[in-house]
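Colleague: These are the residues of each chain, in order.
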Amino acid sequence: MSSTVRIVANGTPRDVPGDISLAAALLNAGYTAFRHSVSGEPRGPVCGMGACFECRVTIDGMPGRRACLEPVRNGMQVILDA
Amino acid sequence: MPDTAPTRLRADVAIVGAGPAGIAAAVHAAGAGRRVVVLDASPRAGGQIWRHQHRESLPAVARQWLNRFDRCGATFLSGASVVDASPGARLGAEQQGRAVTIEADAVILATGAQELFLPFPGWTLPGVVGVGGAQALLKAGMDVRGKRVAVVGSGPLLLPVAAALARAGADLRMVAEQAPPDAVRRFAVSLWRTPSRLVQAAAYRSAFLSVRYRWGTWVRAVVELNGELIVTYTTGRSTWAEPVDLLCTASGLVPSTELARLLGCAVLDGHVVVDDFQQTSLPSIYAAGEPTGNTGMEAAVVEGTIAGLAAAGPATAGQRGSGAVEHLQAERAKHRRFAERAAVAFQLRPELRDRVEPDTIVCRCEDVPLSALHPDWSAREAKLTSRAGMGSCQGRICGPAMQHLFGVGADSVRVPLTPTSLGVLADLTSSLDDSEGAP
Numbered sequence: 001m002s003s004t005v006r007i008v009a010n011g012t013p014r015d016v017p018g019d020i021s022l023a024a025a026l027l028n029a030g031y032t033a034f035r036h037s038v039s040g041e042p043r044g045p046v047c048g049m050g051a052c053f054e055c056r057v058t059i060d061g062m063p064g065r066r067a068c069l070e071p072v073r074n075g076m077q078v079i080l081d082a
Numbered sequence: 001m002p003d004t005a006p007t008r009l010r011a012d013v014a015i016v017g018a019g020p021a022g023i024a025a026a027v028h029a030a031g032a033g034r035r036v037v038v039l040d041a042s043p044r045a046g047g048q049i050w051r052h053q054h055r056e057s058l059p060a061v062a063r064q065w066l067n068r069f070d071r072c073g074a075t076f077l078s079g080a081s082v083v084d085a086s087p088g089a090r091l092g093a094e095q096q097g098r099a100v101t102i103e104a105d106a107v108i109l110a111t112g113a114q115e116l117f118l119p120f121p122g123w124t125l126p127g128v129v130g131v132g133g134a135q136a137l138l139k140a141g142m143d144v145r146g147k148r149v150a151v152v153g154s155g156p157l158l159l160p161v162a163a164a165l166a167r168a169g170a171d172l173r174m175v176a177e178q179a180p181p182d183a184v185r186r187f188a189v190s191l192w193r194t195p196s197r198l199v200q201a202a203a204y205r206s207a208f209l210s211v212r213y214r215w216g217t218w219v220r221a222v223v224e225l226n227g228e229l230i231v232t233y234t235t236g237r238s239t240w241a242e243p244v245d246l247l248c249t250a251s252g253l254v255p256s257t258e259l260a261r262l263l264g265c266a267v268l269d270g271h272v273v274v275d276d277f278q279q280t281s282l283p284s285i286y287a288a289g290e291p292t293g294n295t296g297m298e299a300a301v302v303e304g305t306i307a308g309l310a311a312a313g314p315a316t317a318g319q320r321g322s323g324a325v326e327h328l329q330a331e332r333a334k335h336r337r338f339a340e341r342a343a344v345a346f347q348l349r350p351e352l353r354d355r356v357e358p359d360t361i362v363c364r365c366e367d368v369p370l371s372a373l374h375p376d377w378s379a380r381e382a383k384l385t386s387r388a389g390m391g392s393c394q395g396r397i398c399g400p401a402m403q404h405l406f407g408v409g410a411d412s413v414r415v416p417l418t419p420t421s422l423g424v425l426a427d428l429t430s431s432l433d434d435s436e437g438a439p
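Those protein sequences? They're chains A and B, same order as listed.
Residues in the first sequence are numbered from 1 upward in steps of one, following my numbering.
Residues in the second sequence are numbered from 1 upward in steps of one, following my numbering.
Only true hints are included.
To spell it out: a stretch of chain A is covered by chain B in this simulated footprint if at least three of its residues, at any positions, have a beta carbon under 8 Å from a beta carbon of chain B; those stretches are:
id, segment
1, 23–36
2, 44–57
3, 65–73
By construction, these hints were calculated from the structure, which means they are not laboratory data.
All C-beta atoms, glycine included, are put in the ideal place defined by N, C-alpha and C.
So here's chain B without its partners, still in its complex pose (with noise of 0.2 Å):
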């Protein structure tokens, strides 16, 4: 294990996050002139929207973004977690094993979202994976030809991966949606206000025709048998069962509020709450793109630009109340309108929820079943009474499912954010320590 002193660097602004939020951020703080430092616990830039293994495979829009975050003068972390951050704007992060502290004046939060898991019978089986988990491992080089695959699941996401998996050669042998075929069928209606997502739609759709695109079907419960997923679909009145080899399921994204929630900043109904200029409860840390509401890469982009600048400080004030961030900020308010009507087209029904039975383990960390939990607990009592959140995702994964399960709220936040080597953790600590006002 290596042990070397920790790395310190010192930026105007620090952003984690290097999807099209923190890119975009990126490119216009450092535009501004300030020095910028970004990170992302993935080993390229692009977040999971622009994930790639070659950059040549990316939309245009896409290879210009992460052209021009190339050319910012930006110093990038790749593969860096963060750990530790205190509110003075310190990040304490792991990289390869390595301790890193960054000091700033500013950060901006461009953590994105990550799917909702809730429990069903056999969700923690091998095989089982996320719908946009799928996605990302299948640009990661996954081999999913000849495989039998199902995706399962809620909201625009399903689409295109079902494409990408088509495309990849998987033999596609269910794609569906479990909100019911009038909701679906209004937003589709509703895209005509944005035509280029529905000429997108019927891209996605057209790499599967020989599937039948269901709605209002879901997965009841999956078991292993002999090698094979016996998945159990249902449609509330009729319900049968079909074996695959991967079955891709999620039921929607939520934002990532970790980082957010553990600096303090106020959060509501789930999201990260910013002012006009994307700044949060605190001063001089923003936030931009998913973790203020599921809005999509394009909005992600435009919040990015607004905090980018917003954060480069007082060179750029004269940019507030600028035309340019006038036509941001209705740019943003024209993508969070289609942001709320996805997010009614695709409300997840209630029968989700009743899929859970008393052995299904609902904190996959710590193998918590939900016979161990009482709907009335709090986040808190949940973790000190049953373990469930106390695992390495830090209740990730868990504590979504918990919320939409027992409508309870999420936890505070500890240190670690991810789990580190005691001999990282001891650096940030003294690395932290040794800076004035850290906690």
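For reference, chain A alone in the conformation it holds in the complex (with noise of 0.2 Å):
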């Protein structure tokens, strides 16, 4: 039902469905972690509604997007300090 996409993250293509969210795509895709904490501590998505911060990812240039409030979009760039 839902049509593919294809999201570019760390510089890998990817085809996901069209219909979900950044932070689930990139969880399918294998990333546990998002990015690393002040003090270099590995961190993925906790609370999924925008809350906690832990999902931040730097889209299109524009750093501290938080994954799990972002649809995936077909071209969108993806980069996770992790």
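Given two chains presented individually in distinct reference frames, assemble the corresponding complex, making use of the accompanying hints.
Modeller: Next comes the structure, spelled out in structure tokens:
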């Protein structure tokens, strides 16, 4: 029912269902850590609703975007600091 | 980065949050002929409980409300997070890197609830998510097929989430409630007063009959070993460890009150104080749903309806004292009694506090361990001395945790409520300053 879109995560193109969140797409692609904390610990999504800020990634050059609040879009360029 | 002039909107009623409370409020305020603007940080309306990819997957009541919301004439700003607000009913928000200001005669806070995450050794590891967090990620497309999953925590959310994970193909290894068996049993028996909830609970339970639903069991610690999460469970008497791929754990829900506190609304015991018409301690600022107490979706619809009618103002003032509103207020009282019974049954055991060790991180934004915090500090002292609560989440996660660990009250809230770019902040500042009476 849903069409596929292509996102690019850390330089790797990935075809994902077009109706899911970026956080879900990255988890499904095998990324468990999305970023590193201030002391260098790996961190991944926790709350799934934009409250914890642990799933922050850089999207199309904009840093600090919460992956759980972003629907995937065709051509989305994502940088994970992990 | 888009560099456009801030969008300015004018509304009679601005509503923050498009969950059940915000939707019911919007439908009723717009129905009374008011210009309504609704903001939500998510890409779609529905909040957490009615979160969906496709509307057909939702229960009928949710579809009906979402359809009414679509048709009510309210302007809906999705993906919009509130950054700043002033008691004069002005809101500054960020939507996709762009500044939006809303000037309104009344504001309804329908900001929902979030999970209470209590620190324990290993709680910051990737793969340790919330219970509601797992539900949200699942609804947003997370694939759990064949994954070993544990759902451990407290409250009525455990059953539906365990059921949803099982139906989605997860290899459910553990479902455990921290409250003792007799408390949960008493709560289950009390459900006869609301038979629909009893039927619902049975339906959830039937989705994972092969897995034992444990009571009086909680997570002691978790470590990562060769890509597996090794979870140590305990009942207080016996302790054992099992591997999983995903650990879903939280200690219930707490109302989201950041915006209410930023505005200066009175908050008591973590709840926004409201009168019979959902008005907060400030004129023209209303609150509905979870922020006023953890009362669930049905209560949120009732409170949102009352708030929407009240905020619509003089034309609907006739509603005050009319039979319709009195009926809604009686409904609300019934839901509050249910919430009180649930709060007693799912009271958190003191052992959950004792899990945190000196090197356990308490503030996960700034990586502040317990050893850097003093139990006698106020939230403000903790912030200034250790940076706990200074990070991106603005104390949304560590604030309630520190309140539970140390019994300290919440600190005041500062701008930006949500981190945003300097460009958006500058746009909002100049735009809010242009308006008369802005701080």
